[in-house]
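There are 2 protein chains.
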Amino acid sequence: MFEKEVYSARRKALLERLSGEKGIALFIGNVDAPCQYKDNSYKWRQDSSWLYLFGIDEPRLAATIDLETGEETLYGDDFSLDDIIWMGPMPSVRCLADRAGIARTAPYDAIGAAIQGRRVHFLPTSRYATRLKLGALLGIDPELTTSQGKAGCPLASTPLVKALISLRLVKDSREIERIEAACNLGYEMHTAARRGIRPGRIEQEIVGAMEGVTLAKGWGTSFPTILTQHGEIFHCHSHEMPVEPGKLMVVDAGAETNDHYASDFTRTYPTAGRFSPRQRDIYQTVYECNELAFNMIKPGVQYRDVHLAVAAHMLDNLRQLGLVQGDVDGMVADGLAGLFMPHGLGHNMGLDVHDMEDLGENLVGYDDDQTRSPQLGLGSLRMARRLQPGNVLTDEPGIYFIPALIEQWKQDGTDGGRVNYAKLAGYYDFGGIRLEDDVLVTPEGARRLGQKRLPIAPDEVEAAMREDQQ
Amino acid sequence: MFEKEVYSARRKALLERLSGEKGIALFIGNVDAPCQYKDNSYKWRQDSSWLYLFGIDEPRLAATIDLETGEETLYGDDFSLDDIIWMGPMPSVRCLADRAGIARTAPYDAIGAAIQGRRVHFLPTSRYATRLKLGALLGIDPELTTSQGKAGCPLASTPLVKALISLRLVKDSREIERIEAACNLGYEMHTAARRGIRPGRIEQEIVGAMEGVTLAKGWGTSFPTILTQHGEIFHCHSHEMPVEPGKLMVVDAGAETNDHYASDFTRTYPTAGRFSPRQRDIYQTVYECNELAFNMIKPGVQYRDVHLAVAAHMLDNLRQLGLVQGDVDGMVADGLAGLFMPHGLGHNMGLDVHDMEDLGENLVGYDDDQTRSPQLGLGSLRMARRLQPGNVLTDEPGIYFIPALIEQWKQDGTDGGRVNYAKLAGYYDFGGIRLEDDVLVTPEGARRLGQKRLPIAPDEVEAAMREDQQ
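From first to last, the protein sequence lines are chains A and B.
The numbering used here numbers the first residue of the first sequence as 463 and each following residue consecutively.
The numbering used here numbers the first residue of the second sequence as 463 and each following residue consecutively.
Incorrect hints may have been included.
The list treats identical chains as interchangeable, and a pair is accepted whether it falls inside one copy or across any two copies.
Think about it this way: if two alpha-carbon atoms lie no more than 30 Å apart in a straight line, the pair counts; the simulated BS3-like pairs of lysine-lysine are [to be verified]:
| # | residue 1 | residue 2 |
| --- | --- | --- |
| 1 | Lys505 | Lys612 |
| 2 | Lys505 | Lys872 |
| 3 | Lys505 | Lys679 |
| 4 | Lys500 | Lys624 |
| 5 | Lys885 | Lys914 |
| 6 | Lys914 | Lys484 |
| 7 | Lys484 | Lys474 |
| 8 | Lys500 | Lys679 |
If you are wondering where the hints come from, they were derived from the structure by calculation, not from laboratory data.
Can you make the complete structure from the sequences, with help from the hints?
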């Protein structure tokens with residue numbers, strides 16, 4: 463937790479951006495999320511917007527900010543002696559409020575009376591417990607307190623959501639220092655993973671070694687680890703396969719610090735320690751796309767345009783490999799890149815690895831004058847905005863050969879005759895490649911976060927793997 | 463997952479125990495539990511009762527068993543091509559039903575129509591998503607679908623809960639084999655922890671190394687790891703302290719296998735590698751209590767009586783140390799042991815580390831003719847029942863010096879003049895000691911689970927720590 467002045471200043475900035483709004487802003491902190499039963503909960507994780515505005519990393523708290531008077535109240539209950547026997551000495555609610563610079567405190571059950579008769583501004587949430595709580599407090603269907611797909615939540619307060627996003631989008635030096643700490647821990651995780659890639663080992667053993675590294679120094683992983691020889695399956699969380707020589711191992715994982723800032727890196731390794739010529743061709747293309755994107759990042763550039771430039775470079779290279787044919791600009795316009803990269807180039811990152819995603823993808827990632835494309839790939843772009851200094855985002859191009867998707871395009875003629883399906887059929891066992899860095903937008907351009915960069919150029923990767931084996 | 467015949471047989475046994483009941487039994491499997499946002503969920507964990515009856519380790523499924531006709535239905539939705547791009551080829555609901563031996567399938571949203579107008583028997587749940595789902599399906603307050611304290615859930619079906627408990631309490635050879643696998647993994651975890659105890663290391667580094675071991679081979683930990691030099695704080699999940707020589711480190715942790723069976727062990731280590739005389743006195747007492755309990759375990763014995771025998775032995779030893787005075791039987795009857803061991807001797811263990819706790823503590827742990835004591839310590843006993851062959855339970859005595867609790871007893875005179883508070887004051891910096899094994903009740907008596915037993919006798923512990931340092 464930072465000093466209390468940090469949180470007071472953030473809330474003051476929020477209030478200023480909401481000047482003229484009537485009513486009261488209500489923030490519900492997280493409670494423990496039971497896994498098997500009440501006393502066996504998942505690892506405690508506070509809500510990220512709560513952490514940003516109040517910093518208090520304790521369960522079962524709520525807060526209000528009166529948008530008309532600026533009055534701030536923290537709601538919570540002090541612990542009983544029984545609690546203290548089980549949990550040790552705990553700070554009082556008054557003490558927690560002091561840490562966050564909040565003047566007033568009240569019992570948790572006083573929230574209802576405090577919002578009675580007021581226009582209530584709340585943030586959407588995916589947490590089921592908070593949905594239930596908001597539903598009960600506001601007398602609305604709990605399902606309507608959560609973001610409905612990418613568009614956000616119709617009953618949440620758009621002014622509040624937009625004001626908070628505008629603040630959280632721009633990281634200050636304190637936050638950048640913490641994100642960089644997460645990146646350094648991510649470097650250690652990925653190094654452990656790369657060293658674990660030995661033919662015959664079960665993927666899960668590598669995951670365990672890697673996650674042990676982040677648990678030893680941080681909160682844990684910033685999202686469920688992807689470590690798979692089926693890189694073409696994006697959310698493959700199965701880790702049962704033994705490492706087979708000749709495959710590509712996609713490792714997409716990040717660390718979360720004890721104070722809850724995230725990192726997120728992807729590297730792809732030839733399990734044999736060396737790329738085959740076919741693997742190297744595709745890898746080189748993805749690597750060039752990663753570099754191209756990084757070199758374009760600077761204030762004022764729309765990240766959507768960076769995505770499209772990457773799509774063009776990728777299609778141009780794939781054309782040279784004979785996998786597609788035709789005019790590159792036309793292919794980009796028609797969304798052909800989506801067949802090979804059916805995801806976006808990157809996302810914001812901060813207290814959440816997909817920063818603020820609970821608030822609604824479009825509100826977070828799109829400027830008011832931008833609309834989201836319906837195309838495969840570009841349509842999944844989570845961050846399209848004009849870049850500003852202090853933005854932190856990922857640069858993660860990838861190429862995948864997804865048999866089910868290719869077969870569907872072939873059947874539907876989606877490609878307008880520009881895909882060489884006969885040649886593509888030879889790639890059905892290829893898997894996928896993704897290469898991801900975390901990037902800070904600076905006043906001058908961009909800086910990759912983390913003290914050291916994970917090996918990424920094809921020769922560097924092979925050299926590192928040779929060294930690992932020694 | 464076992465063969466489908468296992469699950470069919472369990473459901474048949476359940477149905478037989480419910481013969482004469484009217485209506486339909488409804489089982490809601492778990493959905494993913496969002497942590498920060500919808501696509502960043504906590505690690506997937508199926509509901510344990512669902513795993514026991516159906517075995518299918520996939521989210522967003524439900525099932526009904528018609529108690530009048532025996533008809534079984536699995537509710538779920540097949541995946542779209544979009545899902546398959548992100549998640550890889552997925553089995554159909556029909557295929558999942560076959561694996562569990564279920565004849566009928568239906569879409570997920572058909573549950574409502576299937577239970578319309580029927581008496582619905584459901585199990586209580588702590589999962590907020592399931593509370594919401596049951597609330598919506600049954601038109602009841604979601605808060606009333608969860609166990610209210612130890613007494614269970616008033617709206618859930620007591621006949622269904624009791625029938626299921628009677629089955630899950632007795633583990634068959636397949637389950638024992640899996641629990642033993644969890645115990646073997648727990649042995650590896652604890653060995654890694656013991657080896658990590660070096661002055662100056664941060665507790666969290668030891669936790670990370672330990673949890674990496676279980677993530678490499680199993681689902682993860684079976685509950686949040688306790689690793690603390692403040693053993694007197696039962697649920698101390700803070701791991702910020704460096705290891706200080708002269709302290710006692712309580713390590714209470716267990717593994718969960720990939721098929722979700724649990725282990726749960728506690729050992730307490732002198733951080734200096736050797737016990738001080740004062741530490742050794744208390745340790746020896748806890749060790750004797752652990753042995754005493756194990757030697758009493760056999761079919762027909764009430765585990766509550768084992769708890770009381772442990773309390774008597776503990777008080778007798780503490781009397782010899784001059785910490786209490788008076789007649790041991792009288793002290794046991796008046797609950798004096800609760801000052802030193804304010805928890806129960808053990809709990810059932812299986813698919814949950816506190817097995818079935820979501821179904822209601824009293825229904826799980828107490829025979830119909832037993833009532834729960836209101837005393838501190840004995841009142842926290844989770845397993846009091848007459849033991850049966852196939853029960854798996856923990857044997858975990860402990861002695862703690864909890865300054866806040868001692869001060870309260872002193873002030874209230876709770877001890878009836880039998881505690882030597884002057885002498886006790888010298889133990890305020892002692893911490894606590896707990897020693898826990900996992901035990902199977904056999905037809906003849908008891909067997910400790912796990913191929914090897916973690917060092918536990920004081921000399922064994924010191925010898926193992928000497929070896930670790932070499």
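To see whether the hints hold, each was checked on the structure:
Proximity of Lys505 to Lys612 under the C-alpha cut-off of 30 Å is found in both arrangements, the shortest distances being 27 Å within a copy and 23 Å between copies. When the C-alpha separation of Lys505 and Lys872 is checked against a cutoff of 30 Å, the pair qualifies neither within a copy, at 45 Å, nor between copies, at 36 Å. With identical chains, the CA atoms of Lys505 and Lys679 are at most 30 Å apart both within one copy (15 Å) and between copies (20 Å). Taking the closest pair of Cα atoms, Lys500 and Lys624 come within 30 Å of each other only across two copies (19 Å); inside a single copy the shortest separation is 35 Å, beyond that limit.
Taking the shortest Cα distances, Lys885 and Lys914 never come within 30 Å of each other, neither inside one copy (39 Å) nor across copies (56 Å). Proximity of Lys914 and Lys484 under a CA criterion of 30 Å is satisfied in neither setting, with 48 Å inside one chain copy and 66 Å between copies. For the identical chains of this complex, Lys484 and Lys474 are intra-copy neighbours only, at 16 Å inside a copy versus 60 Å across copies, given an alpha-carbon limit of 30 Å. In this homomeric assembly, Lys500 and Lys679 come within 30 Å of each other (Cα to Cα) both inside a single copy, at 27 Å, and across copies, at 26 Å.
Hint compliance for this structure: hints 2, 5 and 6 are not met, and every other hint is.
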